[in-house]
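Q: In order, the protein sequences belong to chains A and B.
Read the first sequence against this note's numbering and you will find it ends at 429, with the numbers running on by one and no gaps.
Read the second sequence against this note's numbering and you will find it ends at 518, with the numbers running on by one and no gaps.
Do not take every clue at face value.
Unchecked claim - Quick list of the computed label-pair ranges, beta carbon to beta carbon:
{"no.": "1", "chain 1": "B", "residue 1": "R298", "chain 2": "A", "residue 2": "D254", "range": "37 to 45 Å"}
{"no.": "2", "chain 1": "B", "residue 1": "A388", "chain 2": "A", "residue 2": "P35", "range": "20 to 28 Å"}
{"no.": "3", "chain 1": "A", "residue 1": "E97", "chain 2": "B", "residue 2": "Y266", "range": "20 to 28 Å"}
No lab work stands behind these hints, which were simulated from the structure alone.
Using N, Cα and C, we set each Cβ at its ideal position, and we do this for glycine too.
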Amino acid sequence: MLKQIEGSRAVAEAVALCRPDVICAYPISPQTHIVEGLGEMVKAGAIAPCEFINVESEFAAMSVAIGASAAGARSYTATASQGLLFMVEAVYNASGLGLPIVMTVANRAIGAPINIWNDHSDAVSQRDSGWLQLFAETNQEAADLHIQAFRIAEELSLPVMVCMDGFILTHAYERVDLPTQEMVDAFLPPYAPRQVLDPGEPVTIGTMVGPEAFTEVRYLAHEKQRQALELMPAVAAEFRAAFGRDSGGLVRGYRLDDAETVVIAMGSVLGTLKDTVDELRDAGVNIGVLGVVSFRPFPSAAVRAALQSVRRLVVLEKYFALGSGGVLAADVQMALGKNGGEIYSVIAGLGGRPITKKSLRGLLEMAVRDELVQLTFLDLDRTLVAKQLARERQTRRSGPAAESILRDVHGTMARNEGKKS
Amino acid sequence: MSFQPVKFYQTGTFTVGNRLLAPEQRSVQAATSRRNSLNSGHRACQGCGEALGARYAIDAAMEATGNRMVVVNATGCLEVFSTPYPETSWQIPWIHSLFGNAPAVATGVAAALKVKRLKGLLGDVRVVAQGGDGGTTDIGFGCLSGMFERNDDVFYICYDNGGYMNTGVQRSSATPPAARTATTEAVGPTPGHAFGQGKFVPAIAMAHDIPYVATATVADLRDLEYKVRKAMTFRGARYLHILVPCPLGWGAASKDTLRIARLAKETGVFPVFEAESGELTGSSKIRHVLPVEEYLRPQKRFAHLFGPKPDVAAIARLQALANRNIRKYRLLDEEAL
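Throw the hints in and build the complete structure from the sequences for me.
A: Structural data, given as structure tokens:
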């Protein structure tokens, strides 16, 4: 059914359609509206039987989900940013134990400095956690990915993180087509766990594994991620057959035919990128876009296949590994090997900085002329950084850096205001 | 075997044999139906108080639930020594997740079991969570308090040996004052653990107004079993704090585990009581009050208090703490006061 609906509400309704048994909730922006919606539905009896548990921390949220999943319940939670970091130990534990929990991550920057706006620092920091990580481009896809996520998670006995851009998607009202309960029931069978805490058949779960088997257990987890590479396109195809929409899968290309230059990105920025590429195509530039839906497992073969005759790549990401560079860029480079052509790594949209079509167009025009440096920070104000570095050279007690930069920014803004009037 | 009434000839002692009691009063461990939930062959040290406590507690809980139970275990000695896989001592569904999250995992298990029951997939299955004092009073404390305040249907057992014994005897918030640990060495002007630190979690559990809170020691195993069975008659959050001497960490002889546990109770160092909905409902009375030295002397962790120049001041402070317990938890008969 088509609804004009907030992204968070769409996800809440999609999760409800999956008939979750246990939902754990701890508030953190910009994820809160999702669990608020679910809490209301459980309280009103719209999802039943279902236990909605208001926990005291994200660490507890993931831990409750672990216990519930191990006892055979379909378990769900949602978080973002600091919340994801606070639960990290349990995040790794959930995947290590092979528990098919589904979690929404409403992508938000990580502090310090504290910042509530969108980038991918939270989810990407968990790239090695053993969770499958899917990135939604739109609210429609965010809703659809949750339905697919439970299916994939339970088939593989692995947890799945559905990542959607905080505020940009979670708080955006747009048209979303939500399926009927019958459709979802036909697509998603009841949870049949591989392991379960059952007095009828007692098992011991979570023992110590030493050097004699640790490598094999770890490799098995890697092998499961590889199985996911096969399963996810199959589930997406089945989803299309049942629901009539393309959602999910591994990667999604846009105007890749004859493209000499391809921009690779994840999440909602793909929309702006497609518009920018349309303009450049109109101007005669052979350029396309490759959206990565599945960040973990990283679909190396699919990326290679999509980029066979491409001369240069621009990997645009809302995160970077400090002291190193782009993370997605490194994955892409690894996937392509020696034959990959030029790869430009671009860091953009950190802490909610808008990624405008204007900036993107300028960036891509430079890329096409091979004028980009290897690592570019889109719309970075270098004078502000230089000023702070100078201050630190001059004064030993130069004070807290973030606050100094903020003073400079606002001082400049105030002066500019003054000039205008 | 039918019950044969036997004349009590040891009236007034604590050593009443099982055969002297009516069947319903006999201990679970003495019953042929006991489950051996924590089976023999595990790797606990000789004289381990925690292994003893866990064996009695979990078997009693199994008996109380008709063997319909799931156990969640925090990281720690108990978890390590019981599951050197492919060997496991647990004859029950058992899960270990992390050090600090056993109460929350148990909440999740309880929620899942409730939903399954509502769906008609499963009968009534209860949840017990357990951990050492590190996993309970320190790293797991947030999750424990959360589980308490939500009144989740979980029975949590803390085996308190007063320190991080699994990692080599470091100080926890349950380490008693003056005790030597690897991080509170018996050196400097105030050797051993500082006074004025630490917390007594049973009292904090009571402050949550949960249905049932109790303490016990491995010296009185019948009392321990009684408290487990009582706890299982309640729904909601329940807490049992069991003092379990650790021969390794306390520097005591393996054969003295029960003796030291008894001395902890008889000196007032460890109050044994029970409480319902935040109110004290009963305490195990001390029969003959003993000075705290009796408890301290057999333990090397307190050795620095004695020797050629005994630390009289520190011993007096420990005695004062014991005296406070005696007043606060009414550990003496009224007429004895």
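Q: State for each hint whether it applies.
A: Hint check:
no., hint, verdict
1, B:R298 - A:D254: 37 to 45 Å, "40 Å, holds"
2, B:A388 - A:P35: 20 to 28 Å, "25 Å, holds"
3, A:E97 - B:Y266: 20 to 28 Å, "21 Å, holds"
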